[in-house]
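Engineer: From first to last, the protein sequence lines stand for chains W and R. If you read the first sequence in our numbering, its first letter stands for residue 1, the second for the next number, and so on. If you read the second sequence in our numbering, its first letter stands for residue 389, the second for the next number, and so on.
Hints should not be assumed to be uniformly reliable.
Cβ-Cβ distance ranges computed for the label pairs, FRET-style [unchecked claim]:
id : chain 1 : residue 1 : chain 2 : residue 2 : range
1  : R       : S495      : W       : G142      : 38 to 46 Å
2  : R       : I667      : W       : G63       : 20 to 28 Å
3  : R       : Q707      : W       : S296      : 53 to 61 Å
4  : W       : T170      : R       : T655      : 39 to 47 Å
5  : W       : T170      : R       : R513      : 26 to 34 Å
6  : W       : K135      : R       : Y578      : 25 to 33 Å
7  : W       : Q156      : R       : N669      : 50 to 58 Å
8  : R       : N669      : W       : V175      : 26 to 34 Å
9  : W       : T170      : R       : L499      : 49 to 57 Å
Cross-link-like lysine-lysine pairs, in silico, BS3-like; alpha carbons within 27 Å at most [claimed, not checked]:
id : chain 1 : residue 1 : chain 2 : residue 2
10 : W       : K17       : W       : K135
11 : R       : K641      : W       : K137
12 : R       : K634      : R       : K611
13 : R       : K584      : R       : K570
14 : W       : K135      : W       : K276
15 : W       : K17       : W       : K213
16 : R       : K616      : W       : K137
17 : R       : K616      : R       : K584
18 : W       : K173      : R       : K641
19 : R       : K584      : W       : K135
20 : W       : K341      : W       : K208
21 : W       : K135      : W       : K173
In silico negatives: residues of chain R with every beta carbon more than 10 Å from chain W [claimed, not checked]:
id : residue
22 : D398
23 : I415
24 : G464
25 : K612
26 : S644
27 : Y673
28 : G714
These aren't lab readings, by the way, just hints derived from the structure by calculation. Backbone N, C-alpha and C define an ideal beta-carbon position, used for all residues, glycine too.
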Amino acid sequence: MPEVVMPRLDPGMQSGKIVEWLKKEGEIVQKGEPILVVEGEKTTFEVEAPEGGVLTRILASPGTDVEVSHPVAIIGAASTGAQSTSAPRNVGRAELSQSAQTTQVEGHETVRSERVVASPAARRLAQEHGVDLTKLKGTGPGGRISREDVLAAVEQVPSTGVSSKISQPTVLKRVKLEGIRKVVAERLGFTARTAVPVTLTMEADATKLVELKDKEDHVSFTAFAVKAAAKALETNHLINSTIDGEEITTYSDVNVAVAINTDQGLVAPVVRNANKKSLKEINSEIEELSQKAKESRLTIEELTGGTFTITNLGAYDIESFAPVINPPQCAILGLGRIAYKPYVVGERVSARPATLLTLVFDHRIVDGVPAAKFLRDVKSHLEDPQSL
Amino acid sequence: MSLRELTYADALREALREEMLRDPNVILLGEEIGVFNGVYKVTRGLLDEFGPDRVRDTPISEAAIAGAAVGLALVGMRPVAEIMYMDFLPICMDELATQAAKMRFMSGGQLKVPMVLRTQYSLGRQHGAQHSQFTPAWFFQVPGLKVVVPATPYDAKGLLKSAIREPNPVLFLEGGLLYRTKGPVPEEEYTIPLGKADTKRNGDDVTIVGVSRLVGEALTAAKKLEEKGVSAEVIDVRTLQPLDLKTIVESVKRTSRLIIASDDIKTGGVGSEISAAVIENAFDYLDAPIMRVACPDTPIPFSPPLEQQYMPNADKIVQAADQIIG
């Protein structure tokens with residue numbers, strides 16, 4: 001009997017959350033028919049039946065996280081009806097209804113999502129301390145996870161050295177790290193642990209940019225920056241790279257990811273071949289991606305393949321900031337606000353609109369001078385926006 | 389407090405005597421309580437001291453004893469009636485459950501029934517299936533009836549004095565095997581309020597709630613468990629109605645495990661009720677199934693070896709603890 005397994009949507013995906021089942025146990029499903037909705041790390045998607053038949057058994061209920069390539073359902077032959085749960089022989093691979101590229105699902109274990117045997121006290125303590133019961137081994141009768149098992153797990157977590165008897169701050173709420181928040185935490189945490197970030201800051205005169213922006217209605221500063229960076233990346237190849245273990249990959253395509261804040265958290269959809277697109281095209285593409293991000297409608301295609309990232313906190317009056325590199329990329333550009341600043345010309349001080357550009361790059365990939373050159377190029381393009 | 393030791397029976401006798409001296413309305417009635425001094429000698433000497441008007445031998449009619457007690461209580465006396473075996477209580481059921489328990493409620497408080505019905509259960513004395521039963525669950529679900537189950541001489545005296553002073557009907561259940569057990573009883577006046585359990589031993593790993601005779605067995609079990617490194621808390625319920633659920637729940641919240649040991653039938657028994665109440669109030673604190681150590685669902689065997697097999701005891705409590713402590 002074919003199993004439906006959790007598909008891997010991009011190389012970084014480790015698990016997906018079951019959002020809902022579109023079919024019930026016992027229902028007949030056609031090959032290619034969507035049978036469940038899964039929330040991946042970046043978006044939600046429908047999973048199709050790999051074979052036609054009867055949805056014999058659902059192995060993971062909505063809300064549960066299932067590791068990639070672990071089974072989520074079994075589809076039996078239509079004529080035989082409900083099947084026993086004997087180990088499946090043929091393993092079907094769930095197909096995506098989206099056109100996103102999928103990585104080959106490697107060999108998998110036939111692990112069933114079974115109810116964790118834990119006492120009520122253990123469950124309460126696990127909830128209070130954020131302990132994942134599925135990762136514990138029960139030492140109680142029949143392997144039941146007991147109060148002591150959870151407390152032991154809690155003690156293994158490095159403590160703050162503060163006795164639990166000392167009054168702790170009142171908790172407003174606890175939210176499980178999942179979905180976008182989990183991705184943000186894992187990816188940025190990964191960067192912080194592995195990358196060697198170096199920060200460069202440069203001021204750019206924004207006089208012409210402001211003038212042009214007034215003329216070119218509705219074109220955002222971010223769009224200008226994407227175009228400027230894309231142009232600079234055309235000649236500063238090494239900045240337009242990614243790193244994967246021992247390998248650095250430099251790209252001829254310039255795909256600029258743009259960080260967008262949503263209620264669910266941060267996403268960074270990609271403006272592909274930004275160097276070949278006009279300012280207006282880039283601007284409208286960013287607007288469209290923002291809208292989709294806010295509605296959680298971004299596709300895997302739109303969320304993957306970035307070679308460089310731009311993030312803009314200028315709208316929040318941030319002067320300048322050093323963002324965290326978006327792995328596995330080499331560098332990220334942080335944009336601060338545009339504001340009038342004192343500018344010295346000869347012996348006179350005048351006020352001019354200016355902005356601070358902050359480049360954070362991974363020193364494992366590139367050294368300081370090439371990065372500085374790149375940033376200077378970005379600055380030049382922004383100071384001469386007509387050329388964009 | 390003096391270190392004087394009394395038997396359970398003598399402690400009860402002291403309670404009766406002191407209350408009779410304190411309140412002339414307190415009178416005793418029952419089978420063979422006067423001339424014969426009581427089958428278990430609880431009323432020894434009281435006929436001589438207080439005379440036949442206050443210590444009344446009755447015919448062998450449990451219905452009449454209970455009915456007379458209800459009537460006496462309704463006209464302002466404080467009768468303490470004795471039923472020789474708990475097994476005979478069904479004969480008094482109408483007087484107890486239908487009359488005594490409901491009068492105050494149905495009269496809007498105009499009537500009161502301040503009576504005590506004393507009786508005992510003889511499990512373990514080879515008295516056979518009709519003279520050995522402990523059936524508190526038949527009564528503790530009758531609203532209006534208080535059910536008291538003293539386990540020690542100290543508690544027996546203090547609780548009986550409170551029961552006699554109680555303005556509502558009280559069923560006072562004594563342990564037949566406990567009459568000859570001894571324990572410290574102070575000479576000074578004291579009472580024990582109805583509805584307060586007593587923690588007889590403190591522990592961290594498991595709570596054992598004992599009822600009547602099994603409080604002592606629970607303490608023995610706790611000692612055996614201590615040798616295994618298990619720290620058991622022993623709570624004596626002392627009264628089943630009202631039940632001091634607060635003390636039990638607070639203990640379970642600390643220990644996370646509960647065993648209820650009672651000499652009644654397991655099905656629908658005291659343990660079932662306490663178990664359900666604890667689940668309702670402390671579900672998230674339980675680390676193991678709640679265990680009931682009670683009698684199997686058969687009539688009590690007369691054969692002494694079989695009766696020993698049948699009865700709950702310290703070893704069975706230890707076994708239950710072993711099952712729920714990994």
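Engineer: Does each hint fit the structure? Answer for all of them.
Structural biologist: We went through each hint and held it up to the structure:
no.	hint	in the structure
1	R/S495 - W/G142: 38 to 46 Å	violated (55 Å)
2	R/I667 - W/G63: 20 to 28 Å	holds (25 Å)
3	R/Q707 - W/S296: 53 to 61 Å	holds (57 Å)
4	W/T170 - R/T655: 39 to 47 Å	holds (46 Å)
5	W/T170 - R/R513: 26 to 34 Å	violated (59 Å)
6	W/K135 - R/Y578: 25 to 33 Å	violated (55 Å)
7	W/Q156 - R/N669: 50 to 58 Å	violated (31 Å)
8	R/N669 - W/V175: 26 to 34 Å	holds (29 Å)
9	W/T170 - R/L499: 49 to 57 Å	holds (52 Å)
10	W/K17 - W/K135	holds (17 Å)
11	R/K641 - W/K137	holds (23 Å)
12	R/K634 - R/K611	holds (25 Å)
13	R/K584 - R/K570	holds (22 Å)
14	W/K135 - W/K276	violated (49 Å)
15	W/K17 - W/K213	violated (43 Å)
16	R/K616 - W/K137	holds (23 Å)
17	R/K616 - R/K584	violated (30 Å)
18	W/K173 - R/K641	holds (24 Å)
19	R/K584 - W/K135	violated (43 Å)
20	W/K341 - W/K208	holds (14 Å)
21	W/K135 - W/K173	holds (23 Å)
22	D398	holds (44 Å)
23	I415	holds (51 Å)
24	G464	holds (51 Å)
25	K612	holds (19 Å)
26	S644	violated (5 Å)
27	Y673	violated (5 Å)
28	G714	violated (4 Å)
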